[in-house]
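S.K.: If you want the building blocks of each chain, they are given just below.
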Amino acid sequence: MNSGRIITVNGPVVRATGMRDFAMREMVTVGKLSLLGEIIRLDGDDALIQVYEDTAGVTVGEPVAGSGSPLSVSLGPGLMGSIFDGIGRPLARLMEKEGAFVTRGVSVPQVDPDRTWEITPLGKVGDVVTPGTVLASVKETSLVEHRILVPAGLEGEILSILPAGFHRASSVVAKIRDSRGKERSVPMISRWPVRTPRPIAERLLPDEPLLTGQRVIDGLFPLSKGGVAAIPGGFGTGKTVTQHQLAKWSDARIVIYIGCGERGNEMTQVLEEFPVLEDPRSGRPLMERTILIANTSNMPVAAREASIYTGITLAEYYRDMGYDVALMADSTSRWAEALREISGRLGEIPAEEGFPAYLPTRIAEFYERAGKVTTLGGTRGSISIIGAVSPPGGDFTEPVTRHTKRFIRCFWALDQHLARSRHFPAISWIDSYSEYGDEVKDWYAANVNPAWASLRERAREILAEDDKIQQIIRLVGEDVLPDDQKLTALTASLVKNGYLQQGAFGPDSYCPPEKGLAILDLLLGFHEKAERLLQRGCPFSLLRGMKELVELTHLREIPAEKKEAFADLKKRLFERMETVDRERIAPGREG
Amino acid sequence: MAVTEYVGVEKITGPFLLLSGIPGVGYDEIVDVLSPDGGVRKGRVVLVDRNSTLVQVFSGTEGLAPASTAVRFLGRELEISLSPSLLGRTFSGIGEPRDGCGPVLGGVRRAVNGSAINPMAREYPRDFISTGISSIDVLLTLIRGQKLPIFSGNGLPHNQLAVQIATQSRLVGAENFAVVFAGIGIKHDDAAYFQQRLSAHGQGGHLVLFLNLADDPVIERIATPRFALTAAEYLAFDLGMHVLVIMTDMTSYCEALRELSVARGEVPSRKGYPSYLYSDLASLYERAGVLRNGRGSVTQIPILTMPNDDITHPIPDLTGFITEGQVVLSRDLEARGIYPPVEVLPSLSRLMKDGIGKGYTREDHPDLAGQLFASYSRVHDVRSLAGVVGEDELSPADRASLSFGDAFERSFLSQGGEENREISQSLDLGWELLSSLPVQELSRLSMDEIEKYIRKKGA
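As they're listed, the protein sequences go chains W and G.
The opening residue of the first sequence carries number 1 in the numbering used here; numbering runs sequentially from there.
The opening residue of the second sequence carries number 592 in the numbering used here; numbering runs sequentially from there.
The following block holds chain W by itself, in its conformation from the complex (with noise of 0.2 Å):
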């Protein structure tokens, strides 16, 4: 194996000398300790190396050793359910190792060699395969049917393949001859270079929404399976809860969790709330179809630059298999700032606010990894990703933001008044927008209600006219407007306190999108028949008078199975509403 000498340690940035042999991108160990780190810039017989782990003690004439291959994360069986570092080394064999702190220089394997699984063939000898057949299954948890597929670039005849029954993860699946005769291997456990997508056989029209439980994202906002999209805020608006509320009741069959940068206690609260959770879909643990990979804050920074390309290659992986992998990466402004961290060692020119000049060109490739597609071996599957953002003072003209923007076609904007008002999620229905109205109409009309589309329309179309009320209304107080404009800030006002505003914990929590769409129903149905009752000289002040308007800003209370409450609520609101404009023709009549 190659290897070379150090000559300068800054930081996270090495410099080594006689590496003329070494490779750009290769993965390589440092020093007496075997700090991992990767090979970024190579010049004549010098190397520049950004090291994955603290280069404290490090002293100029250690060794630099080649592993010969880039950046690789190893895929099998056993991923499901585990935490990982931003370099995939799992976290449970790092503490059984080294106690409670993560040090440095450790080596484990990510995937268990010696663990056993029991495996169904699901091909036979002489068979002739392609690339993305599946080979066989594993029961990788209750949740996940883990495919082991003939890997891209290989096809021919299957010469051997192992039995049903128990086998350890370091066994060969399967052994092929190819077409150039040559006998190949598929091993149960196989590796790939996290910044290569894994190829596919064709693009799809993400054309399926992304279920998520939260009504303004379901009714207004809605994403798409193998979509994309953003969520920034300021510190405080609610990023990581909403990450966790998707990760927790989107209809996705697989979850990676990426903790980029931020909070130790926010990977520990998933790792005791998910195996505790229940999948509203199935019953069983949320666990059983996560993977989280962890880069806190406090730990090194280039392996954070590294943890959103090892998030998307288990992404890819699963993807491959056939499911609809949905990947939060929380927060993307933390890998960007760490590319200008090194970005400032290596002393290349900055651009904006110190960010390199590649900034959106890797903000693009990340993005463009989602997607819903035909796999090589002929089944769907996709990836959709939830970026978060932390822009600095909440300003969302920032870098990060504005080229996040541009590659993403769904926009959850945090609002901080909204959040200081705790109205969570605090997605402001002015500034959000979604691509994906359009291409999961049809499905929403098909699977859940005709009226989906209509409804969103009229909402939002409520929502922005209020906007333009409120501001008079902060100007001139709300007695002097109109009556039909009072009715539009009531309505507004129901939407926004009995519609959008919904709690992260207990029964609201997860909204199927049937009560969502009824509750809206509702409100607008008052809506419609109120501004009615005002064209026919009925005054806004009777209407706001009923009693029954508490009710519709408590209609979340309804359990989701009382369909007929809905509709008891809607007969004797209208019932009333009738009344009250038949006592006003004729005040007399009722005394």
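FYI, nobody ran anything at the bench for these hints, they're computed from the structure.
Quick caveat, the model's predicted, so the values are computed rather than measured.
Even for Gly, the Cβ is constructed at its ideal location relative to N, Cα and C.
Hints should not be assumed to be uniformly reliable.
[What the hints assert, rightly or not] Partial chain W-side listing against chain G, Cβ under 7 Å, derived:
| id | residue |
| --- | --- |
| 1 | SER297 |
| 2 | MET299 |
| 3 | PRO392 |
Following the hints, put chain G in place on chain W, whose structure we already have.
M.R.: Showing chain G alone in chain W's frame:
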């Protein structure tokens, strides 16, 4: 590694000494810098190269001459000596005794930079700390193992509040508690205030102080919180104590970091602060928490003064992204004589949601807090409207909102500097205030809660 000593440095610039390339010197290694008069200063290796070694001197390079200065490489990182006799002691910003009682002997030595806690090894903090302060207990609940900074401004009573939290919290009072205080570039009077007030409450023997005063060397400030946190981790995770760490003023820390960064000629980021300010602050703040197999805990209350009271300034901004919430103090409330002047709307406790409610504080706590926030937030909108159209033109609901706001500030936020309110007392006070509002306004409560806590009261 053997200790090696070199006489003569090539260049002295700002706080840095440049030496020729010295084989075997490690990055981040600690050095003794010896001046001809026999003085010893501590320094740290910040760059190693074939041809040069750059050393940063903590107490500054004043009075050093290139030819006569000697540098002794110690072959280890910056360390602190720790033993139970730490309690009751006062140290300088780089861990040297400041109380004349000699060094801490017979203990373990730890590198002050610390290592990241493996998230697997953490326990998610859920234990409520009763501080006896209504605004904090009900709306910004402090949890054992949390990092909850106070965002303050010059002249606001953040010191008084920190002392009140330290003395009233239930953390204190038990046998196994300790308060570690890191004074970073603070005034002598502030340091004396903390020392006296905590001693007056009989906590002198549970207190460890690391003081870098305003006239002490600036570069030492980088090390001060690291010494304090290493001591805190030792007390918590080795001795099983519940430790409250007060670090003030984090603004001085960040300014020291900027000074050093500029001296090294690094590419600056926002407002001249280095691009690694976030990572650097995180390496301090993340050293709080509870370990799964440990008995103790480290709770942090960093205090920072926001330059020009600007919460979007990089220091409070980056801090807020790392810490688990923030307590923001308001100049406006202070001017109106309200103590503690906690501006609750921009304040937040992220760990609160999992440490309150049934089985923790009281089952009505979460929704009550949510409704108080929502109602008080409306007060601000109504006040600005009243400023335009006059109070007389307001609707009855708006007028109710105004009087709720005044009562909330006068009786809920405001309390005495020594007043210790029970959590149930504070919660009941909250319900009492809410019952003055029209029921239609209480959208954060469930119908059941309105029935139980509001209507009952009215009847």
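S.K.: So, against the hints stated earlier in the document, which numbers end up violated here?
M.R.: none
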